[in-house]
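Colleague: Start from chain S and add chain D according to the hints.
Protein chains: 2
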Amino acid sequence: MKIGIIGAGAWGTALAQAFAKGGKDVILCAREEEIVASVNGQHENALFLPGIELDPKITATGEPMEAAACGVVLLVPPAQYLRAACASIKDIEEGKPVVICAKGIELESGKTMTGIAAEIIPQATLAVLTGPTFASEIAKGLPSAVTVASSRLWDAENICAALATRTLRPYASDDLIGAQIGGAVKNVIAIACGIIAGRGLGDSARAALMTRGLAEIARLAEKLGARRETLMGMCGVGDLMLTASSMQSRNYSLGFQLGQGRTLDDIMAERQGKSVTEGVTTAKALMVMAEKYGVDMPVAQAVYKCVGEGKPIDATIAEIMDRPLKGEAA
Amino acid sequence: MKIGIIGAGAWGTALAQAFAKGGKDVILCAREEEIVASVNGQHENALFLPGIELDPKITATGEPMEAAACGVVLLVPPAQYLRAACASIKDIEEGKPVVICAKGIELESGKTMTGIAAEIIPQATLAVLTGPTFASEIAKGLPSAVTVASSRLWDAENICAALATRTLRPYASDDLIGAQIGGAVKNVIAIACGIIAGRGLGDSARAALMTRGLAEIARLAEKLGARRETLMGMCGVGDLMLTASSMQSRNYSLGFQLGQGRTLDDIMAERQGKSVTEGVTTAKALMVMAEKYGVDMPVAQAVYKCVGEGKPIDATIAEIMDRPLKGEAA
Numbered sequence: 011m012k013i014g015i016i017g018a019g020a021w022g023t024a025l026a027q028a029f030a031k032g033g034k035d036v037i038l039c040a041r042e043e044e045i046v047a048s049v050n051g052q053h054e055n056a057l058f059l060p061g062i063e064l065d066p067k068i069t070a071t072g073e074p075m076e077a078a079a080c081g082v083v084l085l086v087p088p089a090q091y092l093r094a095a096c097a098s099i100k101d102i103e104e105g106k107p108v109v110i111c112a113k114g115i116e117l118e119s120g121k122t123m124t125g126i127a128a129e130i131i132p133q134a135t136l137a138v139l140t141g142p143t144f145a146s147e148i149a150k151g152l153p154s155a156v157t158v159a160s161s162r163l164w165d166a167e168n169i170c171a172a173l174a175t176r177t178l179r180p181y182a183s184d185d186l187i188g189a190q191i192g193g194a195v196k197n198v199i200a201i202a203c204g205i206i207a208g209r210g211l212g213d214s215a216r217a218a219l220m221t222r223g224l225a226e227i228a229r230l231a232e233k234l235g236a237r238r239e240t241l242m243g244m245c246g247v248g249d250l251m252l253t254a255s256s257m258q259s260r261n262y263s264l265g266f267q268l269g270q271g272r273t274l275d276d277i278m279a280e281r282q283g284k285s286v287t288e289g290v291t292t293a294k295a296l297m298v299m300a301e302k303y304g305v306d307m308p309v310a311q312a313v314y315k316c317v318g319e320g321k322p323i324d325a326t327i328a329e330i331m332d333r334p335l336k337g338e339a340a
Numbered sequence: 011m012k013i014g015i016i017g018a019g020a021w022g023t024a025l026a027q028a029f030a031k032g033g034k035d036v037i038l039c040a041r042e043e044e045i046v047a048s049v050n051g052q053h054e055n056a057l058f059l060p061g062i063e064l065d066p067k068i069t070a071t072g073e074p075m076e077a078a079a080c081g082v083v084l085l086v087p088p089a090q091y092l093r094a095a096c097a098s099i100k101d102i103e104e105g106k107p108v109v110i111c112a113k114g115i116e117l118e119s120g121k122t123m124t125g126i127a128a129e130i131i132p133q134a135t136l137a138v139l140t141g142p143t144f145a146s147e148i149a150k151g152l153p154s155a156v157t158v159a160s161s162r163l164w165d166a167e168n169i170c171a172a173l174a175t176r177t178l179r180p181y182a183s184d185d186l187i188g189a190q191i192g193g194a195v196k197n198v199i200a201i202a203c204g205i206i207a208g209r210g211l212g213d214s215a216r217a218a219l220m221t222r223g224l225a226e227i228a229r230l231a232e233k234l235g236a237r238r239e240t241l242m243g244m245c246g247v248g249d250l251m252l253t254a255s256s257m258q259s260r261n262y263s264l265g266f267q268l269g270q271g272r273t274l275d276d277i278m279a280e281r282q283g284k285s286v287t288e289g290v291t292t293a294k295a296l297m298v299m300a301e302k303y304g305v306d307m308p309v310a311q312a313v314y315k316c317v318g319e320g321k322p323i324d325a326t327i328a329e330i331m332d333r334p335l336k337g338e339a340a
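Those sequence lines, one after another, are chains S and D.
According to the working numbering, the first sequence holds residues 11 to 340 in order.
According to the working numbering, the second sequence holds residues 11 to 340 in order.
No lab work stands behind these hints, which were simulated from the structure alone.
Note that beta-carbon positions come from the ideal geometry of N, C-alpha and C, so glycine has one too.
Keep in mind that the hints are not guaranteed to be accurate.
As the list claims (entries may be wrong) - Calculated Cβ distances over 10 Å to all of chain S for the following chain D residues:
#, residue
1, I102
2, K106
3, A172
4, I187
5, R222
6, D249
7, Y303
To be verified - With beta-carbon atoms standing in for the labels, derived distance ranges:
#, chain 1, residue 1, chain 2, residue 2, range
8, D, L117, S, R237, 28 to 38 Å
9, D, D276, S, R237, 43 to 53 Å
10, D, R272, S, R237, 37 to 47 Å
11, S, K294, D, Q258, 33 to 43 Å
12, D, L274, S, R237, 15 to 25 Å
13, D, P60, S, A325, 50 to 60 Å
To be verified - In silico lysine-lysine, DSS-like type, Cα no more than 30 Å apart, as pairs:
#, chain 1, residue 1, chain 2, residue 2
14, S, K150, S, K121
15, D, K121, D, K100
16, D, K150, D, K233
17, S, K31, D, K321
18, S, K121, S, K233
19, D, K233, S, K321
20, D, K121, S, K150
21, S, K321, D, K12
22, S, K315, D, K150
23, S, K31, S, K121
24, D, K315, D, K302
25, S, K150, D, K321
26, D, K12, D, K100
27, S, K233, D, K294
Chain S with its partners taken away, still in its complex shape:
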């Protein structure tokens, strides 16, 4: 069974490489003509995954429907482009498994990734692939594990079987909502953890904040109909602990720089055009969701105060530490 991948950024290309090295045929769809040419000709994606020699079992195309004709189709655009990616395969075959690998919430609508896909390609069997992965590591063939979720466990298990390789281990779940919330919210918690580290407040404080952040994620997920325990898997705890403890994460490193006393404008100006720091925008979307669903999210709120309202970091930290404890579960 061929695997079609739509979106040839670092993550889409890394997944293509992992599957191809695992013996599977892959069609990788890129928007940029030069990527199509360089993957097919030089077996490299010089733009988004430079320095990795791609497996010849990866064929690139500029036609989304060509990738969508494969047995399993992965959508790997940036979160805010998922709507467009779905539209590009809107005539996809009835029942075809479509696995969304973008993490996030659509800012305009506040919708989850599968919420968007269900509007545009309702005929597909929707799933998500999410978990603790750095593209560069997966592209090099280092071991990793992810959550693959679909509404029916049967579908999730079959997709796992189709995607599994010796180095990429997918775990099946039928909690489609739960699997998406962790990946979307973790970037905000990662900014908070970065701030703590940058401010020199120690590893104990960072671990405590990460844990409270996880509790917030779980509360929100539960309100949205997910199961709490889903957040204990790769898509929750796993993804959070990777993102919120590594300078490889753009969100964590942003927080770290804020904690060291740099201004947001300054940091963002330096990054302009080079990378997206999703947590900054997600923080705002979360404030809307927290209010809409009546969920207490003090860590996300503190991050929003710092990055959205320009409140001084020390005042925000003090506010969090002085919150009364009564009524908060351990």
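Modeller: Frame of chain S; chain D shown alone:
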């Protein structure tokens, strides 16, 4: 209300300092006469927490019953000495809150810390204090959060109220078993994570392994009568993510050195007498528990094979990666 602390190692002394800086009177009981003298005279515990100027509100004593006369009593011995620490206050007042801060399982009996205490001081109101903390950070007044668990939530909440300071935030739980399992098992998972890091297998693999390790901890805890969700708090996820990602952890750094190719004998010889690496012995205790309760613990088992049976690391890693996925929950 005075706080009595029995055990003046790094952690007991750090807790004493945190409480005293938070405005509470503390009686710290040390076995070593020179510690009693130096805490009372020079306001320092030069042996176990050098370089920290202790608050004068800490009074040291050599008499355990003097500390046990305080309103709340903390027991902070090494895990394998808890039995002796309990015996030293066996005539403690009926109903007195006794908070155990040692993490581990008694190797001889396979019992939890509160299981031991319930045998010797059944008249006390037993609780545990556990979570992600490095003693040196807490002693410096850096922020932290912990789980305080007792069988009745009411007791846990009252103990939290008695112990809370602005920098040390306790969260109450009534899951006494769940709160203890994370702290006991995490050291074994930390060795595994260290091995992965030392072997150069990447942050993604380490996060994945930590997550699977958490699933093992939760499975074991559930079999022992705990609630799964307890493991999502400070005492589970929090403690694990701190221990399994920092070279400050003796267990993680042991794994790291093993992963780099050094032998266990070599590493242990270097550490001899200076520090205890609890994960090595806990791994063996876990094998007994896993079999007794019929719990699948592949990560702990792999660690035991490496540190207990001398199996080569690469062969053990390969075995874990080739485990069939069917039937494992995400």
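Colleague: Each hint should be assessed against the structure and marked as holding or not.
Modeller: Consistency of the hints with the structure:
1. I102: holds (26 Å)
2. K106: holds (22 Å)
3. A172: The assertion about D:A172 holds, with a minimum of 12 Å to chain S.
4. I187: About 14 Å separates D:I187 from the closest Cβ of chain S, which puts it past 10 Å; holds.
5. R222: The assertion about D:R222 is violated, with a minimum of 7 Å to chain S.
6. D249: violated (8 Å)
7. Y303: The claim holds: D:Y303 sits with its nearest Cβ about 19 Å from chain S, beyond 10 Å.
8. D:L117 / S:R237: 28 to 38 Å: Given range 28 to 38 Å: holds, Cβ gap about 36 Å.
9. D:D276 / S:R237: 43 to 53 Å: holds (46 Å)
10. D:R272 / S:R237: 37 to 47 Å: Between D:R272 and S:R237, where Cβ atoms are some 42 Å apart, the hint holds.
11. S:K294 / D:Q258: 33 to 43 Å: holds (35 Å)
12. D:L274 / S:R237: 15 to 25 Å: Violated, since D:L274 and S:R237 (Cβ atoms, about 40 Å apart) do not stay within the stated range.
13. D:P60 / S:A325: 50 to 60 Å: violated (34 Å)
14. S:K150 / S:K121: violated (33 Å)
15. D:K121 / D:K100: It holds: about 19 Å lies between the C-alpha atoms, which stays within 30 Å.
16. D:K150 / D:K233: Given pair D:K150, D:K233 is violated - Cα atoms ~38 Å apart, limit 30 Å.
17. S:K31 / D:K321: holds (28 Å)
18. S:K121 / S:K233: holds (14 Å)
19. D:K233 / S:K321: violated (46 Å)
20. D:K121 / S:K150: violated (44 Å)
21. S:K321 / D:K12: Judged against 30 Å, a Cα distance of about 38 Å means the pair is violated.
22. S:K315 / D:K150: The hint holds at about 28 Å.
23. S:K31 / S:K121: Judged against 30 Å, a Cα distance of about 34 Å means the pair is violated.
24. D:K315 / D:K302: Distance of about 18 Å is within 30 Å: holds.
25. S:K150 / D:K321: Roughly 27 Å between the alpha carbons, so the hint for S:K150 and D:K321 holds.
26. D:K12 / D:K100: holds (20 Å)
27. S:K233 / D:K294: violated (41 Å)
Violated hints, in rising order: 5, 6, 12, 13, 14, 16, 19, 20, 21, 23, 27; the structure is consistent with all others.
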